[in-house]
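Asker: The primary structure of each chain is shown beneath.
Number of protein chains: 2
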Amino acid sequence: MVEKRQPIPVKEAIERVMERARPLNSEIVPLDLAYGRILAESIIASHSVPPFDRSPYDGFAVRSIDTNGASGDSRISFKVVDHIGAGTVSMHTIGEREAVRIMTGAPLPDGADAVVMLEQTVIDGDTFTIRKSFSPLENVSLKGEDAKEGEMIVEAGTYIHPGIIAVMATFGYAKVSVSKKPVVGLLATGTELLEVSDPLEPGKIRNSNGPMIAAQLARMGIEYRLLGTLPDDEEACYELVKKAVDECDAVITTGGVSVGDFDFLPAIYKRLGADVLFNKVAMRPGSVTTVAHVNNTFLFGLSGNPSACFTGFELFARPAFLLMMGCDKPYLPYEKAILTEDFTKANPFSRFIRAVYESTPNGAFVKPAGFNKSNAVTSIARGNSFIVLPGGTRGFQKGDEVDVLLLGTEEGVEQWMLD
Amino acid sequence: MVEKRQPIPVKEAIERVMERARPLNSEIVPLDLAYGRILAESIIASHSVPPFDRSPYDGFAVRSIDTNGASGDSRISFKVVDHIGAGTVSMHTIGEREAVRIMTGAPLPDGADAVVMLEQTVIDGDTFTIRKSFSPLENVSLKGEDAKEGEMIVEAGTYIHPGIIAVMATFGYAKVSVSKKPVVGLLATGTELLEVSDPLEPGKIRNSNGPMIAAQLARMGIEYRLLGTLPDDEEACYELVKKAVDECDAVITTGGVSVGDFDFLPAIYKRLGADVLFNKVAMRPGSVTTVAHVNNTFLFGLSGNPSACFTGFELFARPAFLLMMGCDKPYLPYEKAILTEDFTKANPFSRFIRAVYESTPNGAFVKPAGFNKSNAVTSIARGNSFIVLPGGTRGFQKGDEVDVLLLGTEEGVEQWMLD
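From first to last, the protein sequence lines stand for chains A and B. Number 419 marks the last residue of the first sequence (the numbering used here); no jumps. Number 419 marks the last residue of the second sequence (the numbering used here); no jumps.
Keep in mind the hints are simulated off the structure, nothing from the lab. The reader is advised that the hints may include incorrect statements.
When the alpha-carbon atoms are kept at most 27 Å apart in a straight line, the in silico DSS-like pairs for lysine-lysine are as follows [as the list claims (entries may be wrong)]:
1) A:K242 to A:K180
2) A:K398 to B:K336
3) B:K148 to B:K180
4) B:K345 to A:K345
5) A:K329 to B:K336
6) A:K345 to B:K148
7) B:K336 to A:K367
8) A:K143 to B:K367
9) A:K280 to B:K132
10) A:K143 to B:K345
11) B:K280 to B:K270
12) A:K367 to A:K398
13) A:K180 to A:K243
14) B:K242 to A:K398
15) B:K242 to B:K180
16) A:K329 to B:K329
Work out the full structure: start from the sequences and follow the hints.
Answerer: What follows is the structure in structure tokens.
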């Protein structure tokens, strides 16, 4: 008797996974290793930015009052009484019609309240003339105009991109608290699998899911533990999975989740006492994707078919890992685009089609990346996105507007945007 | 006398840089280190995919001719003569009303030309019955339907994402030829710069550009050589830059490219005999960005202002490095979006505003990330994109459609999409 499984919608499957994901602890890393991690503390302005009133240009610091009435016909002359570079502070207090030569970023000397740009002067020895008047604070970057001391600049949970590195450096964060990465174990199933370096044998194929998932993890900065290949023997499988569950925050298997004679994983989940969050999702490819949870460890039972495995990882494992790392934007970014080819298959379930997306000033366009059965590998290589077609729809025509999820972006979005 | 510089359009500046970029040599890496590199060889199908006619489902391999006439009222019975798993090959040739139990991915036995899914049967011991007829090749994945032996699957020049790893594994690429990464040296200028771990001093700020550029390079998988801080002394600067040029494929400096008394770099470019590709770009921030080229080495003279530095890197250094690595998609991806806040400043030059972009099923929206002067650091931390406003325009209003370039995507696009 074949087990009947009840498919649940993709959105509900994702919710069931995300409900169980718990943030991991944090750890301290030096700034130069912080890129790509998730902030576990908020970044606070340790001083105002700018930290002092400063010049945004190369030029001369003056008193604006002395510039009143300057014009092309009636130029006003100033005497240069000091030269300062960035990082040095003038000891001079500027008096009437006096000026200090100042460079970009240097603090305004006492008395000065405006900066004349170099290009706005005619210089003659240690004097120069100007042909326009300057308002108080003209060409001055005010202390604190960018950030006030104590202001929260970046929230915990944010992906650390290069701009955040700049801010942390500015505020003296030589070390920073980031979320720990989950320990992820990887188990391939199936005696049909050869290693990448093996020659092909009759009836067998090489293990492509293992290296692919390793790269999907690397994309998030997560190292994996290669736990080997599950033998086609239930007892040995059970021991291997049990050990993996004890050691890891998540265990990913590929294959073995169908209802066939050789698919042991459902039985193993049962023996482990794992909560099976779902074992059938209303999606193609990857409908057999199973996620279970036991002792705070996830068991991601991905399909053995490469495209289905890829899709299951991106939809379920990826956001869970990002949430475990405290990331506030764990979902794949959304785009809407015009289909540039017919896609005539009906879609009883939500369909995720590996696709090539490109946005141009003339519009955003997308097309299937190639051959789109669930066991296809070549279209994976060509796609940078998924076209998502809702379940219960007929085929789509060239020119139709479709939903797209982008792959391989540094930062995701806060919400799953599809039904 | 202040030097007058002629600004050139951003697009032309990028073209001048890209014209000089030369692909570096290639090197061989093992598959598990290939993620994130650029392919220097094309990936060819070393065998057909599937490599044999195979079953896409768990079920029974049969002869379709034996299923003719099956219906709910007139079920046809089959005898199971063999069981095979994936990776094994049946020795049996299927005869009339015989079937072989087959699992997903297993090769079709001789004689069979269709697969009955498990769910389509009623099983009784070693027989089962079906209620519908099957066409020849129904539920069969044909040899070569995904890829033919010898077919080119991925072109050289492609960024290696996880899907490409899967394809390489499938075809036995245990090692692969990838482009070498450029050797990039980093020099900060300005005696106003403190180290990240230093306490703040009057008139000084911490060096945020160095760590930021290091992260911008890390984003492309490029390590950098920290060559120190340029002293405010022209001769010492010259020696340091000259040594850097000899050792690196590109030298990045931050600051020192203006026309002020303390800006030595223009003179150093001259002494080095470097071709100055441009020293003024019609853009804000970063108009002083200078790129020079000597002995096949790039000198990227970025502004010392954090936002300008960031922008100059993304617009000029990033695509040059990607092209040096042979990447066929070196430019930032484009999106069009609706502005959700007024931006009232006029734009004499093209303006690049760090921005927060989000696309939803209701449209794509973008807003400035915060304070937007060129010396701002906090908006860098908040943005995931640039709003690009064309030069020669007045302010923009909430609701206007604007051009956006995305930051932090794994794969870029083939062309610079803006004028």
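Asker: Any of the earlier hints contradicted here, and which numbers?
Answerer: 3, 4 and 14
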